[in-house]
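Construct the entire structure; sequences and hints are all you get.
What follows is the residue order along each chain.
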Amino acid sequence: MMARVRGRAVITGMGVVSSLGRNLDECWRGLIEGRSGIGPITRFDPDGLRNANAGQVRDFDFEPAVFGLRAAPDLATQFLLTAAREALHRAAIAPAAERQARFGASYATNFGGANSWESYVAGLLEGEVPVEAFEEFAFGRAAEHACEAFGIGGPCALLSVACASGSAAIGVASDMIRLGEADVVLAAGYEALAPTPLSGLSVLRTMTDEMIRPFSADRSGTLFGEGAGALVIEELEHARARNARPLAEVLGWAENNNAYHITAPDQGGAGMTRVVRDAIVDAGIDARTIDYVNAHGTGTQPHDPAEVQAVKNVLGERAREIPMSSIKAALGHMMGAAGVVEAIATVMAINEGVVSPTVNYREPDPECDLDHVPNEAREATVRRAISISAGIGGNNACVVLGAAN
Amino acid sequence: MADQLRIAITGIGALSGLGAGVEPLVEALRAGREPDADLLDADYAPEEFRESPKTYMDPCADHVLAACWLAVRSAGLGWEGAAHPGFDSERMGASIGTAFGTLESMLNMTGRVQQKGLRFGSPMIFTHAFINTPAALIAIEYELQGPNMTHSLGDASSAAALAYAVTMMRAGRADLMLVGGCEALSDPLVAAMDVKVDRLEACPTNDQGRTADGLEARPTNEERQTANDSTANDVLGEGAAILVLETEAHALARGAQPLAELSGASMLAPCRDNAGERALIAAGSERAQVIDAASVCGHTFGASVALSAACCAALAAEADEALAAVSADGSGAAVIERWRA
Numbered sequence: 000m001m002a003r004v005r006g007r008a009v010i011t012g013m014g015v016v017s018s019l020g021r022n023l024d025e026c027w028r029g030l031i032e033g034r035s036g037i038g039p040i041t042r043f044d045p046d047g048l049r050n051a052n053a054g055q056v057r058d059f060d061f062e063p064a065v066f067g068l069r070a071a072p073d074l075a076t077q078f079l080l081t082a083a084r085e086a087l088h089r090a091a092i093a094p095a096a097e098r099q100a101r102f103g104a105s106y107a108t109n110f111g112g113a114n115s116w117e118s119y120v121a122g123l124l125e126g127e128v129p130v131e132a133f134e135e136f137a138f139g140r141a142a143e144h145a146c147e148a149f150g151i152g153g154p155c156a157l158l159s160v161a162c163a164s165g166s167a168a169i170g171v172a173s174d175m176i177r178l179g180e181a182d183v184v185l186a187a188g189y190e191a192l193a194p195t196p197l198s199g200l201s202v203l204r205t206m207t208d209e210m211i212r213p214f215s216a217d218r219s220g221t222l223f224g225e226g227a228g229a230l231v232i233e234e235l236e237h238a239r240a241r242n243a244r245p246l247a248e249v250l251g252w253a254e255n256n257n258a259y260h261i262t263a264p265d266q267g268g269a270g271m272t273r274v275v276r277d278a279i280v281d282a283g284i285d286a287r288t289i290d291y292v293n294a295h296g297t298g299t300q301p302h303d304p305a306e307v308q309a310v311k312n313v314l315g316e317r318a319r320e321i322p323m324s325s326i327k328a329a330l331g332h333m334m335g336a337a338g339v340v341e342a343i344a345t346v347m348a349i350n351e352g353v354v355s356p357t358v359n360y361r362e363p364d365p366e367c368d369l370d371h372v373p374n375e376a377r378e379a380t381v382r383r384a385i386s387i388s389a390g391i392g393g394n395n396a397c398v399v400l401g402a403a404n
Numbered sequence: 000m001a002d003q004l005r006i007a008i009t010g011i012g013a014l015s016g017l018g019a020g021v022e023p024l025v026e027a028l029r030a031g032r033e034p035d036a037d038l039l040d041a042d043y044a045p046e047e048f049r050e051s052p053k054t055y056m057d058p059c060a061d062h063v064l065a066a067c068w069l070a071v072r073s074a075g076l077g078w079e080g081a082a083h084p085g086f087d088s089e090r091m092g093a094s095i096g097t098a099f100g101t102l103e104s105m106l107n108m109t110g111r112v113q114q115k116g117l118r119f120g121s122p123m124i125f126t127h128a129f130i131n132t133p134a135a136l137i138a139i140e141y142e143l144q145g146p147n148m149t150h151s152l153g154d155a156s157s158a159a160a161l162a163y164a165v166t167m168m169r170a171g172r173a174d175l176m177l178v179g180g181c182e183a184l185s186d187p188l189v190a191a192m193d194v195k196v197d198r199l200e201a202c203p204t205n206d207q208g209r210t211a212d213g214l215e216a217r218p219t220n221e222e223r224q225t226a227n228d229s230t231a232n233d234v235l236g237e238g239a240a241i242l243v244l245e246t247e248a249h250a251l252a253r254g255a256q257p258l259a260e261l262s263g264a265s266m267l268a269p270c271r272d273n274a275g276e277r278a279l280i281a282a283g284s285e286r287a288q289v290i291d292a293a294s295v296c297g298h299t300f301g302a303s304v305a306l307s308a309a310c311c312a313a314l315a316a317e318a319d320e321a322l323a324a325v326s327a328d329g330s331g332a333a334v335i336e337r338w339r340a
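Residue numbers (numbering that gives the first Met the number 0), protein chains in the order written: chain A, 0 to 404; chain B, 0 to 340.
Just so you know, the hints here were simulated from the structure itself, not pulled from any lab data. Not one of these hints is a red herring.
Below, simulated SDA-like cross-link-like pairs (lysine to any residue); rule was C-alpha separation at most 25 Å, straight line: (1) Lys115/B x Arg204/A; (2) Lys53/B x Ala263/A; (3) Lys311/A x Ala216/A; (4) Lys53/B x Thr262/A.
Next comes the structure, spelled out in structure tokens:
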């Protein structure tokens, strides 16, 4: 267990922007109704991609003035600000006019201001230098906007560890609380669909040319999504003192690297096995008390069996007794936002007693033979759960969440 | 802070426009030399600083692997270090800061996509265009199976890398980490900085920040004070720096002689009134003497705090007071002291 713990990190607010809805309620309803937000990409011409569909956020309005901005920031930052505002509102924390030294932030993204980057390069190719687009692309700019908008003046992190970013950002935020460096931390992951990342994920053949089907024998790859997830993580006594209701506790986490290959999974899911084991050790709990696994579950042929094996390796017999579902077929793989949105689905499972399903599931796979909650949500008592993430570059992360008590 | 786990700096690796190693930086600082535009291209042969052969590499990754190569040797680890008997590679990690990362590869990738179509992205270049690819390559090169993070917060990026490495180690998540930052003077970055300099020169003060036609094309005084614009007039540089950080117990167990102590590091929310003092207080010492490598190797963005920290670590043995590296925007800092056994 973590050395020198000074506080307990509880979640007191959550917010989402996703292809299934632009707030938590819409997104959760879509998840438990077994719907998918994946549809045609309309923001740019997807011609040339293996798949013209993604979890694109639709009918999204952004009012810069609400966030004290004169002009709209990069689209990904708009998602971040919107989800963060909902999370803070739900936590009943008003944005502060002055910077608050005990209010921290931990942000996560894969590609940052990817659409601003596209604009910048388009300008360069025309012989122009649209420097404003360059500044909006810069990863740190999103942190500047969000910290300014909400009065965050404490410790700040902006992590990019590919698709493990969101889970790692939750972990870093919980460390800030557990080590006593902040009272409240905004943990948020954000990502926007953009041509270059999707081209890369298409030519790597991570993207399916059919449909995303996690754990299904006929799976052929993933589809991507966009949006943001935000958590307000707070020290337990701080939450109690202001009568805020804890929704769940971040019990522990771990993040690591396979140190094996940039894109290929390592042998037998060894890195994921270690990250799940280390997160549970960090939480100081018995692996046999885990009730639910929110999987990374991308729907690629090599990933899903490796993740199933990792869960079996650590949870042993318990792995066969509990649900392990993936929400990626419902939202698309939200990349830097995925870990946070998946943690939110996990907290909802704890609070609502319902586990979101793995949609688009068709055929059992002997290598993915756990209870993957195919297509329909399931009632379940979830007191403790893990959410797993993994990404290009060999990064893995795992967050352990528990019911607030 | 007496109850806190002590973190030893046992190796230093630096690469700058002044050359490979921290020594030329320290010599230039002692001599009080000005940064010279002729010195700012990191002119070296990257393949000489690799443990294993590579095919394609982004310059940003080249720089940081060179700094790792130097740091690992400085720490007496060598290539066999990570796989050393008695070492637990699962307890070893990397934490890297970069403001812009692999821009050259990103430009290459996006140029193909925009000019030829989405079908024509290069899978190889794409995998080298992630901002966390340099850190992932370090993990692979040195078999670092523990925590692996990339931090990007503008000029303070490597302060963040140092701060969260300290957090990870104090939380008991790693015993040894390669920590620092890297930046490459890629064409897209230089082009943007050139435009900023031109605008500042064309419009030194303009409180309204608006051109005659009402467009917000020129910086306001307020904007000039933000992190990026405050550096727009600086001589630009590139490079990387890596410190080998070890818990005291780990360093002593392998018989390593600590070069200095990383007594604290902090990363605060980017803020226009960050003067640096708050970050220094958060890092544990407001009275530390600030060392700024940018004064001799140019402004290196996300690598700047790491390069300054490398100089602090090299100078700490003969310094009576604590030394500090502070980001140009004042939001991040690291405090480094002489190692006291």
